[in-house]
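Q: Chains A and W, in that order, are what the protein sequence lines are. The first sequence begins at 1111 in the numbering used here and counts up by one. The second sequence begins at 92 in the numbering used here and counts up by one.
Derived from the structure by calculation, the hints contain no laboratory data. These numbers were taken from a predicted model, which means no experiment stands behind them. Treat the hints with care, since some could be wrong.
No more than 27 angstroms apart at the CA atoms, straight line, and that leaves these computed lysine-lysine pairs for BS3-like [as the list claims (entries may be wrong)]: (1) W:LYS321 <-> W:LYS289; (2) A:LYS1303 <-> A:LYS1205; (3) A:LYS1205 <-> W:LYS264; (4) W:LYS311 <-> W:LYS321; (5) A:LYS1182 <-> W:LYS264; (6) W:LYS311 <-> A:LYS1131.
One letter stands for each residue in the lines below.
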Amino acid sequence: MSDTTVQIIEARTPPPETIRKWTVSRIVGTALCGVWIALGVGLVWSLYSAFDPDVFFKYMPRMADGLIITIKLVVFSIVLGGLLAIPMAFARMSKSDIIRGCAFGYVYFFRGTPLLGQMFLMYYGAGQFVDQLQSVGLWWFFRDAYNCVLLTFVLNTTAYQAEIYKTAIESIPRGQHEAAESLGLKKGLTFWKIIFPQAMITALRPLGNEIILMIKGSAVASLVTVFDLMGATKLAFSRTFDFNVYLWAAIVYFSIVETLRRTWDWLEERLTRHLVR
Amino acid sequence: MMDLIAQLAWGPGGWGDELAAGTLLTVSLALATLPFGLAIGLLIAVAKTSGEKSLQTAANVYTTIFRGLPELLTLLIVYYGGQIVLQRIFALFTDAYVEVNGFVAGMVALGLVFSAFASEVFASAFRGIPAGQPEAAQALGMTRWQAFRLVTLPQLIRLSIGGLSNLWLILLKETSLVSVIALNDLLRNTNVAVGSTKQPLFFYSVALAIYLVLSLISAKGLGAVEAHVKRGEQRTA
């Protein structure tokens, strides 16, 4: 056994490169990508070739103002709705049948009916009670369509956010409450320091979706004479019949939603990095 | 109060028949959108979960676009844009004036949005079915279509029914947007009634109550369907 010679494995040719075959799905996929590229080029071409500087410079400032109104509507309604949603979430989980029932009815009503209908009810319904509202000194508020829309949005998002917070709070295991109690922590402290931070992480994803829904939903404000981005766009279209204004608006809305979605994904990844195993 | 309720009377004196006709249009629009939305959503989900990169990209672009635009804007773009495009195509052959049907425009716009969201539901349901199952079915001699129809699809329905129920409820509410393109749905007929009677509070409350009842019936029905498709599931705990 002493004469074993060292055998060197001869170099072999590398395996042949796999050629990606033109399967049916690849052909279809490439064709569909081609369609999207063509549509994208068509969009740019349409915006470029039919570009009307008069329309653009006349209505761009209005649309910018509209964008600010849209952003204000969304930010105020999400923040105010969020503040109201926490007590509402607790009412949904209350031990009292009456409180729980009322909160359930509220949430069911606002989630089961169209936002557009709620807005009409608020705006035109308030108009029916001018005298009564004037006598209690609230007419200045309801006179402005913007305020009516904001109030409707706040009430609407309160219902949605209450459901989000309720689900998130209920997702925290009972053991967490019990452990905190056995350590002698007070109820309030347990909630703010233990339950709430964990619940917010669960709530993060649906909350992001709710903000996006609100941005998209806020376009209906234009139907009761609020000149948000959509309102300004409709005004420009009705005066010029230049279809491109809708495409500009689409690009703006799309960019906002897409930016927010990506930011939210990043935020979620960042905030949950300690949970990744 | 009684004179308000009298306004809901059937016939020329009251608004009951108009509201009923509007409700019918709302429900039929939602029902007409559903099959298209589901079929396109399923196709896009298949594309998303296929191994082919280009198909995935094309499917993701679709979802990203129609989830990112406000539904109202999508509707107006389909309605007015469709008008312009059809006009140009028809101008090649005839000089007749074409008008986009509001119902079809509503169906297309709502279907685009619905299918974009439905494709996400279906795609995550597909990911919930282990790849070994269709493979095993094919190893037993089933064709790919048989494996899909008999093994994947029944589980797909079970996994996606919850998400699809939510989408249906959203669709039902979103049909109210077609009132802006002069389609006589429930909300538009209510607007007409309000314009004529000057009783916004009452009529909008009635309309919202009808929407609420529609949601309630849908939720009950979908709950029963869900219980039926999940009857084989073992209960834990």
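Q: Now look at each hint and say whether the structure bears it out.
A: Now the hints, each set against the structure:
no.	hint	in the structure
1	W:LYS321 <-> W:LYS289	violated, 49 angstroms
2	A:LYS1303 <-> A:LYS1205	holds, 23 angstroms
3	A:LYS1205 <-> W:LYS264	violated, 32 angstroms
4	W:LYS311 <-> W:LYS321	holds, 15 angstroms
5	A:LYS1182 <-> W:LYS264	holds, 25 angstroms
6	W:LYS311 <-> A:LYS1131	violated, 49 angstroms
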